[in-house]
Every structure is written in C-alpha cells, then in structure tokens.
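Got two chains here, each in a separate frame; can you build the complex from them with the hints?
The listed protein sequences derive, respectively, from chains X and R. Taking my numbering, the leading residue of the first sequence gets 66, the next gets one more, and so forth. Taking my numbering, the leading residue of the second sequence gets 1443, the next gets one more, and so forth.
Source of the hints: derived by calculation from the structure; they are not laboratory data. The beta-carbon is built from N, C-alpha and C at its ideal position, and this holds for glycine as well. A couple of the hints might just be wrong.
Stated by the list, open to error - Simulated pairs of lysine-lysine, DSS-like, Cα-Cα distance not exceeding 27 Å:
| hint | chain 1 | residue 1 | chain 2 | residue 2 |
| --- | --- | --- | --- | --- |
| 1 | X | K197 | R | K1513 |
| 2 | R | K1501 | X | K157 |
| 3 | X | K157 | R | K1513 |
Claimed, not checked - Computed footprint of chain X on chain R; a stretch qualifies when at least three of its residues, placed anywhere within it, have a C-beta under 8 Å from a C-beta of chain X:
| hint | stretch |
| --- | --- |
| 4 | 1512-1524 |
| 5 | 1527-1535 |
| 6 | 1591-1604 |
| 7 | 1607-1615 |
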Amino acid sequence: MSEPAPSSPPTLTDAERAELRRQGILLTSMEELYNWGRSHSVWPLQFGLACCAIEMIAASMARFDIARFGSEVFRPSPRQADLLIVSGTVTKKMTPQVVRLWNQMPEPKYCIAMGACAISGGPFKQGYNVLKGIDRFIPVDIYIPGCPPRPEALLHGLMQLQEKIRGQKISGPGAPRHLQADTTCEYPVPDFGEHDLVPPQNPAVWQPPVIVRKEGA
Amino acid sequence: MSFSDPSPLSAAPGASVRAVHDEFHGDLLEVSMGPHHPSTHGVFRMMVTLDGETVVKLKPVFGYLHRNHEKIGENTSYLGSMPYTDRLDYLCSMTNNWAYALAVEKLAGQAVPERAEYLRVILAELTRLLNHTCLAGFLLQDCGASGTPLMYAFREREKILDLFESLSGSRMMCNYQRFGGCRVDAPAGWLDAARALTDGYGSFLDEYEALLTGNEILMARTQGIGCLSAKLAVSAGVTGPLLRAAGVAYDLRKVDGYGFYPRFDFRVPLGAHGDTYDRYMVRVLEMRESIRILQQALRDIPAGPIMDPKAKLRGFRPKPGEVYSRIEGPKGEIGFHLISEGGPNPYRYRVRPPSLINLTILEDLCLGHSIADAVVILGSIDIVLGEVDR
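If we strip away everything but chain R, and leave its shape as in the complex, we get (with noise of 0.2 Å):
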C-alpha cells in the first residue's frame, strides 16, 4: 500500500481524525484510537489508517503507562521487587511472582521445598482459569456482547480471588512467592476450597461454552479474522496461546519442565487457523487442562515444610552472576533477566513481557481487515498494559 506519508496532525489540540489525500486510493482517514477509548484495554494508543472501514496502516503508540518498573526494580532489594512484579500483568500476579521467584532461585541456587512446588502449580494454574475466564469476557465485551459474558467471568473471578485472598491476604497483588517457598501455608480448609472449586469449573465451562462456543455471531465475527501463520509467529517471538492457536506446539509446561510440570498429565491444546477463533478455542481447551492439573495437583500434595529453611530474605545479597529465567505464563513466555554484582539490588533487572511482544504483531493481523475487527483482534491478543508499558 502506498501512499504519501500522513501530513502533521492538524493545530487543533487534541485533533484525533483527520483525511489524508492519496491520488491512486481517494481519501484516507487517520484515526486515533486511544488512549482512552473503551476497547483499548487499558491506556493503549492505534494510530489507524483507514480506507473506508478497512484497515490499511496500524501503528501502536505505547508508553502511556510506563512507570519505571525496571528502574525501580534496580534500585530496590531483590525482596522488595517482589510487590512490583505483582503490577505488571495485574491480572495475573501470582504467574509473575512465580517467575521472579524462580530467577532469583536459579541466581542464588536455592531450593524450593515439594508442598511449596505443588502450592506454586495450583496457583499457577487458578490463575490461568482466571486469566482465560476474563479474556474470553472480554473478547465478547469487544464483539459487542455488552455486559453479560463479562458478568459471568466476573462471577468465576470472584470465586478464584475469595481463594487469593484467604491465602495471601490480598485480592489481586498477592505478593505471595518468596525466593526458596512460599510466604505462609494455606489455611486450614483452604485445599478443600480449591477442590470444590476446581471440580465445579467444569460445569461452569460447560455453560460459558454452551452459551458461546458454537454461537453464530461469534464465529461470524472471529472465524477467518486476523489470520496468524505459524511462520510469522515464531519469527516474531510470540509465545503463549496466540502461537498455539497458530499450530506451534511449544509450552514452556512441556519444553522446560519448570517445577513440578513433569509429574502431570496434560495436553497442549493446537489450533489449526491462528484465526481469532482459534485463540479463542485455544484459551477454553487450555482451561480444561489447567483443571486436570488442578485436580491431580490438588490430590498429591503432600504436607510438609513450605519454606527452605536455608532460605535469607532481609540482607539477601547472591553471588555475583547473570541469569535468565522463565515460565509459561498465563499470556507466554514471562521471564526475567537479573544480572547480580553481589550487592543487595540487582545490577540490571529486566521483564520480558509476553503482552508486549506478542502486541508486535498486530498491523499484521488486522491489515485488510475492518476497524471492528481490529478491536476483536486485539482483545484476542490479550494484552495488559501494566506488562506492556511496564
């Protein structure tokens, strides 16, 4: 596509449209979309260009919520990035406690009791239904189903954060991993809880997929919309459900084996079109799974210390060294990179956020298409600013 290159926004403050004149193609319109604007998820900015309703340019404008998170993160202990990690994919703060948990592990080499593991992976994996339950609301909000899938994501949320609560003390920042265990045990009744829970998920699927699954609307909207090969997605480093959807069988549950994963039985759920569809399909069967975890999880824990007792948290001080590690998060692949010079903060401290990468793609996926679609495409991508910005 080519035309010439958009003139300087009008001198009107806050001009968010404007018609930019192309000889071959008539008039284009640039559209603004965000920072504020319902569909966005957040503070996050496109720069659309449109000919018609059809998407013919996309640029992503990001940093509206960049709030030092990695500068911060060099200037405070180890333990005291933990609360931090909690507000990148706010969402899901017991993934990313996990997996800044597990990089500071691997720099100190400490070891993590095996309730603590197992507590670590039931988390984990509530968090997962969590995360897919919203999205999936979410994605229906941005087909324009106003309200009702997000009241019944919303109820399940609820449900799983009563849990995050009676353990942690807190609804979303749990702040509840700790470098060689957890911070305290789960409370008496609380495995029970979690086991009624995870048993009851099922049947709630059943009902979300009944309502939408096979729902004509949904699948007029997402089916053959915002089509990711495999070939894009691994050249672009997208990880997660986005890149299963494209037929990439690679889940870090499987191809690292990080704690306990090995000892349980899952699948990998694939897609076949990388079409919004399939992330969509994708995110349901993984939830599935995520109960078979939960229930084989829930049945094997063993009781015991959750805690190394050779653990130090105030005055933690690893050897010097460079470690990168990661874990399959709700979203891909979240990781960490902390570089040590001994001291009590870490040297470098760098996220590497799945929201983010995976976000590289979108132009991509949403050229040709309508400017509906690119709403629906992007609440597919599943995005937080909290991790994108960081």
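Here chain X stands alone, though its shape is the one from the complex (with noise of 0.2 Å):
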C-alpha cells in the first residue's frame, strides 16, 4: 500500500471507533451514517411470484417478523421500492414484466432471488416455459437456495445484502452502480420471439459460463 497523501486526514482502524464509541464518543464518516440509515430502511415490493411469495409472506408475519430488520414496508407500487425479492418460478411469459419492473424501481435498488427457480430454473428447469434463472436478465445482489426457502433464509438473505450495503463507497471507482454517472438504470425488456425470448439474455449481465476442455480429455 502506498503512503497516503500528506493532506489526508489519518483515518481510524474499526477497533479504534469501536474503543472511542466504548467510551462515549461517537466518530462517524458520512459514508457510514449513509450506509448505516440506507441499509436499515430496505423497502421491498409487494411481488410475489409462485410458492415463495408465502414463506415471504410468512417472513413478514408475527412469527419471523421481518420489520426487525427495518423492511417490513412492502410496497405495492416499484416506484417506492428498494428491494426485488424475485420469489418464485419466472415464466418466460412473465420475464417482461419482471424486467419492466426492475425498470421501474427508482435507485439505489437491489435484487434478491429467492428459491431454486429464480436462481436457476429450479425443479421446472426443464419446462419449455421457464426461464432458467433470473439473473440472465437482471443482475441479481443476493440468492437464496431452497425450495422453498424458509424465511429464516430469507431473513438471513436480508441480513447480507445490509451486510452488503454497508460496504459500499460512496464515491471513487468502487461506488455502486447508483453512484456512477456513466451507468443506466435501464435494462432491455426481452419480446416474445418466434421460440424463445429475444434476446435471451441480456449479454451486459450474463454471459453462458465458458466450458474449458483440456486436450484430448
């Protein structure tokens, strides 16, 4: 690491801030105290799609009881929402709507797939009618195997993708996608084609992982 430049402030390690907050004096970056008031407000849609969406359910009711964690505001409309739980089999019918959706959530916005069929297609990955991932057309901050998940997962989930939140910059090359002037928050919506989607994946995010065979094998 080089040295820092000589008019930058010296900067505290965390078990410094922590021992300075034990003793009553609280020192914060703004860089934190955004992070820290974002990542306990995540709002997400009111979006179910298949079986999830009742464990999701269930993870907002009394028993798990998600508004521990600050979410527990399920917003009807994407233009008020943070967070995308894709929570269920995405049909190629319904891909559309789900990426217009995504469109319309305003940033910074976040995406979690919820069960086997949002990650990959699930136990359906063989049906002619499902898309085999959700993450082929959006790009996807948080997985959650299970089918279904149970809300302790999805809890878990949430807990990551604050963990998440918590660690990104505001500025300089690390910003998130939100914070970058050259970025979109505009994903092309796939049309019906003859066969399949068109295209069938948007190549900016997901690209068919390369296959390396060795020589002769």
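What follows is the structure in structure tokens.
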C-alpha cells in the first residue's frame, strides 16, 4: 500500500473507533452514516410470483417479523421500493413484466433471487416456458437457495444484503451502480420471439459459462 | 352490454389503462389489473372494462405461472412426480399428494394400511384448516383490513406447519404420501401435539369469528356481492366451498366416500345465497367440521404399519391402463388423470385443478359490481396460481 497523501486526514481503524465508542465518543463518516441508514430501511416490493411468495409473507408475519430489520414496509408500487425479491418461478411469459418492474424501481435498488426457481429454474428447469434464472436479465445481489427457502433463510439473505449495503463506497471507482455517472438504470426488456425470448439473455449482465476442455479429454 | 371492440393497446410499452369510446355509454375505461398487483393472489391478470367504477367486462389472462407441470410429469417416473404435486397448490401440499397417490394406487391396484389411511385423513383435514384460515385472512386483506386478520391467520398456520415439519421434514413442500401408504410414521408425541392443536383450534375460531362474522363492515362488503346461482355453478363445473355456498350438497368426502371418510361423523355446511359472505361462512363452518373429523380420527387411529409391504416404489411400472381419481381438496375437486402404457413414466399426466375451473365464473360474478368488489370476489374464489396455470 502506498503512503497516504500528506493532505489526507489520518484514518481510524475499526478497533480504534469501537474503543472510542465505548468511551462515549461517536466518530463516524458520511459514508458510514449514509449506509447505516440505508441498510436499515430496505423497502421490498410487494411482488409474489409463486410458492416462495407464501414464505415471504410468512417472513413478514408475527413469528419471523421482518420488521426487526426495517423491511416490513412492502410497497405495492415499484416507484417506492428499494428491493425486488424475485420469489418464485419466472416464466418466459412473466419475464418482460419482471424486467419492466425492475426498470421502474428507482436507484439505489437491489435484487434478491429467492428460491431455486429464481436462481436457475429449479425443479422446473426442464420446462419449455421456464426462465433458467432471473440473473439472465437483471443483476442479482443475493441468491437464497431452497425450495422454498425458509423464512429464516430469507432473513439471513436480507442481513447479507444489509452487510453488502454497509460496505458500499459513496465515491470513487468502487462506488455502486447508482453513483456512477455512466451507468444506466434501464435494462432492455425482452420480447416474445417465435420460440424464445428475444434476446434470450442480457449479455451485459449474464454470459453463458465458458466450458474449458483439456486437449484430448 | 354492447360496445365496440376494444381498440389495440396504445403504442406505449406497458400501457395498462386506456379509454374505449362508445357513443351510447360514453367513455369506458379498460384497466389491466396484474400480473403484478397486490390483490391478484399471484401473477393473475384481469383485463377489466369499467364504466365509472362498475365492471362491465372482465377478461382473465392466464399463463404467467405456466411451468409445464404436466409435460414434466410425462417425462418423470411416477414417484418423481410426487414432489411436483406439492407445488401445484402450494398451500395444500398434503391433499395434492393424496390425490396423486390415490390415482396411482388405483392404477396399480395397491392397498393402503389402516394407519396410513387415518394419517391421510388427519393430514388432509389439517390442510383444510390451514387453507381456510389463510383464505379468511387474505379475504379480509382484500377488503382492506391490512395486516391484522392475516397475522392471526398466519399465527395458526405456523402451528400446523410445525406439525407438518416434524412429520415430513418440510414446512410447505411435504412430499409425504407414497403409493401404498406414507413415507414415515408419526414421531413420538406427534399425535399428542396434533390433539392439542385440534382441541385449541375451536377457541381460535371463536375468537376469529367474534371479530369477523358479525362485523358490520365485512357484512356490508360481502353480503349480496358476487352471487353465484346453483345452476351456473353446476353447469360451469364449480366444486368445493363455492358450490356448497351456492346451496348444492356435493362433497366428495360424502359422495365418493374415499379413504376412511364414511367412518367419521360430520356434516356438510351449505349456503343459501351463494354470495361472498356465504363463501366465507361455509369455509368457517367447514373448519368446525374438520375439527370434529380430526378429533374422531385422532381418537381412533390404530397402531400398525404405514406402508403396504408389497408396495414397490423404485422401478415402479404399472400395467397399461387409464385412471381418473379425485378427492375433495380444500379448494374443490382435485383429480389426476393418468394413462399408463406399462413404462416407468405415465403416457399422459393430467391434473384437474379446482382453482382454474372455479375461476372460469369470475366474470359472471363480477359484472355490475364495483372494481373494489371484484377484488373481494376474486379473493373469495380462493385461487392459487400454481394450480391455475400449472
């Protein structure tokens, strides 16, 4: 690591800051405060697709109580939501609507692929009408496996997302999508083609895995 | 109602509202409700034409959750389709399992031990309690009582799911029934836990009913709304609580007497008007009868094997034949039609989903009511999109 520039202020380590906090002195940065606030008010979109939606509802009910994490405000409109929980099988007929909903959400926005179907098509992967993972069209932040995942798993996924939000920079090259000037919030909405969605994936967010074979194998 | 055919959708992508001009009725408004709409119980879409707030035309659009269940069933072994049936009506996996197991047992001529039959009845009635409780919660949610009734419903649902989980290992997707019996026996103390839940359920219903049944707002929103005549219900093939709310005494538990249902003493509640309130009330009364069945079954359940010793699960190849088998699911008649050609997979695998067939009368129920009532009527039909679109 290079020497810090003489003009930049000395930075505290997390341990030093925790020690100061114990002494009753709260030191924080704009970045930390901003992310702390954001990570505890992630409002999901009230959007259920299939079986996982029932577990998502269960997570918002009294027993699991998603309100402990500040995410109990399920918004019916994408304009007011921060988090898209893709909870269930995304069919090819439904894909354009899901992408459109994602486009309608304002940045900063996050996406959780909940359950095997949203990740990869799950048990219905061989179906002719099933999209093999929503990450082919929109960028996914957290994947939660399970069929369906338990409400605890959804809460764990939400905590992981909060962790991710807390780690985001608010400036510089490591800044998230919504703070970079040259990125777009709009993702292309696929059309219904003759046999499949056109295009079948968004190459900007998903590429088919490259299979490397050894010579002679 | 005559008005010119709707013009094609406007060029704007995703346009969901448009005006339809008609010289006699002024401007009608066509609204696309869904597939993302909080009240459509999943990804169901209604193209509603409105005159002011009144519904004058309603066209349902299906297929947003069509995930090829039947085609996959034709390429999967008989046993391999069992977990897929869980995901048909994902609130009631136990009754789906039973309907499918019954069809294959009929195809292969398998017997089921007595204890397994009792367990099936117990699980089916617990599923009925679960489904109807959730339905009442969602119905109130659709009426605008946001949160509280659903929280009460889900509190009870969790208690039943705990029983399912300790029995089968999974909360929702139980995958429990097998051809010729059940997968595992009830663990120690399970039947006592089920008895405790059954005995306590009546007092929950009393509390729930005290809040809802005589509630003036609920009565105003549901009585006289969405009346279904017995004639239409029968000719449209409607089954389940909808049919009984219309006053037709048709319950497969009595008509077919499958399982051990003839051994139990229970009544079939009937409605008089067929409106949304009757559909709610019939379900509440059915829950009370389910508690009676559960108490009898939990009292009489014998010890013994839970699996027919001659049952063969791996490499199962039934002889060629065709079979249709049905049970009374919480939503209506759920049936499986299987054609075997003697191979490891069925040649044809067809599900008769109660939700889809009950949904076909939606337009008849909604015409002339306001758009807010259409939401409540849809809630009272009780659909699950996994089953409607399959």
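Broken hints, numbered, in rising order?
none
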